[in-house]
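Protein chains in written order, with the working numbering: chain A, 1 to 360; chain B, 361 to 720.
Source of the hints: derived by calculation from the structure; they are not laboratory data. None of the hints are false.
Far from chain B, some chain A residues (derived; all Cβ distances over 12 Å):
1) Val-195
2) Pro-203
3) Ser-207
4) Arg-217
Derived EDC-like pairs: lysine to aspartate or glutamate, alpha-carbon spacing no greater than 16 Å straight-line:
5) Lys-238(A) - Asp-263(A)
6) Lys-516(B) - Asp-166(A)
7) Lys-598(B) - Asp-642(B)
8) Lys-238(A) - Asp-297(A)
9) Lys-238(A) - Glu-254(A)
10) Lys-156(A) - Asp-526(B)
None of these values were measured; they are calculated from a predicted model. By construction, the Cβ of each residue, glycine as well, lies at the ideal position given by its N, Cα and C atoms.
Number of protein chains: 2
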Amino acid sequence: MRLLAEAQVEDVAVGAALLGTGGGGNPYIGKLLAQQAIRRHGPARVVSLGEVADDALGVFSAMMGAPTVMVEKIPRGDELVRAFRALEERLGRSVTHVVPAEVGGINSTLPIAAAATLGLPLVDGDGMGRAFPEVQMCTPTIYAIAATPMALADEKGNAAVIETVDNRWTERLSRSITVEFGCTALIALYPMSGVQIRESLVPGTLSLAEDLGRLLRDGHGIDGVLRRLRAHRLFEGKVVDVERRTVGGFARGEARIDGVDGDGGSTLRLRFQNEHLLAERDGEVVATVPDLIIVVDAETGEPVTTEELRYGFRVAVAAAPCDERWRSAAGLELVGPRAFGYDLDYVPIEARMSAGAGRR
Amino acid sequence: MRLLAEAQVEDVAVGAALLGTGGGGNPYIGKLLAQQAIRRHGPARVVSLGEVADDALGVFSAMMGAPTVMVEKIPRGDELVRAFRALEERLGRSVTHVVPAEVGGINSTLPIAAAATLGLPLVDGDGMGRAFPEVQMCTPTIYAIAATPMALADEKGNAAVIETVDNRWTERLSRSITVEFGCTALIALYPMSGVQIRESLVPGTLSLAEDLGRLLRDGHGIDGVLRRLRAHRLFEGKVVDVERRTVGGFARGEARIDGVDGDGGSTLRLRFQNEHLLAERDGEVVATVPDLIIVVDAETGEPVTTEELRYGFRVAVAAAPCDERWRSAAGLELVGPRAFGYDLDYVPIEARMSAGAGRR
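Bound-form chain A, shown alone (with noise of 0.2 Å):
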């Protein structure tokens, strides 16, 4: 167990929107909250995977919606609390444990804020290593955990507990309540028990989010991030065109960018829904996901979401390696390319890499 205090919740919202591959939500806001909670209610107790009794009850804490408006509908606070609330009483029992579901902006620091404020530890671990945009797209569902019961509720009050026959029937429902609650949703989700939470989730996350942030901070830059994830630096140019759509709850679109230096003369295309799915170099696919495709500012470093994009902006591209589970037949189903709807086969960012390299 180590404590997370106000100073770290910078390190950790810049670390989670990198591995947030341009989605998760807008670390700024998480990060008022998580400091907020903090300073009213003391430091997050954080445990490892392996600190998590087999008995304990741990819970996913997450916003639901599309980025584009959550930036625009701060959560009041007590959102979280009433859908924590709700799930306990339709479990019957309390929850030992606030569980984040993904690393990516607003969701990687809302579980801080969650965990303070109940009083409960935080896991360092989630469901997804990144950010994907939706409900059964995370670890726990490989290994066949349902994601109901699951609560939702609103900044008006409003809330719901549903029950649904598999996963992705929770998506498609708690989808459509989100859109009605005005595209925003505080939600808790996916019950585990201690074993469960061990055996399905991606480890230490937390702990990297912080280590990223912290690196940056240090003065390491791209380089020293990029290396500590294993990525590839794919590309480096200028934002010249930004398509984006709010559609059915999920912010959609693409962004073209225009290569400079070495890059000069090439276009990179990506294609995001709330994350970032494809990246396409003058018509030839160089990422897809599970892999992380990571954007950021080309001077500072700095994490840029997909909801930041805008012409003029020079950024640098990169793609790291996912948690190998995403790269088995069941992870690829659940979020490989054609989960997205592109008819491609997932090729490992490291395979791209060296035949690309042989290639030149």
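With chain A held as given, fit chain B onto it using these hints.
Frame of chain A; chain B shown alone:
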């Protein structure tokens, strides 16, 4: 207390379809469900409002969605029970009485099926004295009774329990869940004490529906039915045009009827949202919600639902006075013409008729 047996369900179904003013869903499916439940579990016990104890817990049991879809999606049967159980679990106590939400089509006979299946008494009354398309449009709302907690279940095995800040939000949220469920849901809502049931419901409407069905069966025809309802004949003619769309989980549309006999040369236009909302004769409004606009087969007096309206059908149209509470300011705010988007003052049908008689 009296028993309602299989044979009587037929009369209730016919009478309820008359009171349903074109909506409430197809009476045939609900009739089959009720008869099957009675064959399996014995007759339903019907109690008057006066027989309900103060500390009772009554709940509306109904089907929600577009009647056009309900016709093609027959409930599996256990959705109704699952919705009930989900609500009981949320409330932490057992429901003691099944209460019809409305009279009209499936939602008059479905509570019979629920009462027989669950072995609970069925209350002889309802929350509308007719059918209306939205959740907040019932007399308990006038008495500030909350629609939530509300449970919804679908035929696939999905379920939701919602809690909202007011009854309009209940409508919004449950409607979007119903649409996601495939446009129909079985619902349990408006948990009420015996005191609330007695003060807020329209009494005796189950018996009234049964009476109306018996009048038709005994050959009293259209006139017998209209007399019992203190209804006024408005028009007789042939359906020449029906426009119908399923929008946001509702069946919306309008029908044009060309007059015959005494109404020859005139046209009646009916506008509906599941139920008939407005009747215009040659462009002049002759009846509006909340009064009951009733369409029947001109030969037999059998009720015609909005989804059964089709070209060439010869129909008679009548209007009957609604429950007095709908004529209050609070009632008209919920279900008057303006609640459905028509910028019209409500004029009680009796007043319209005496004015019209004066002019003729």
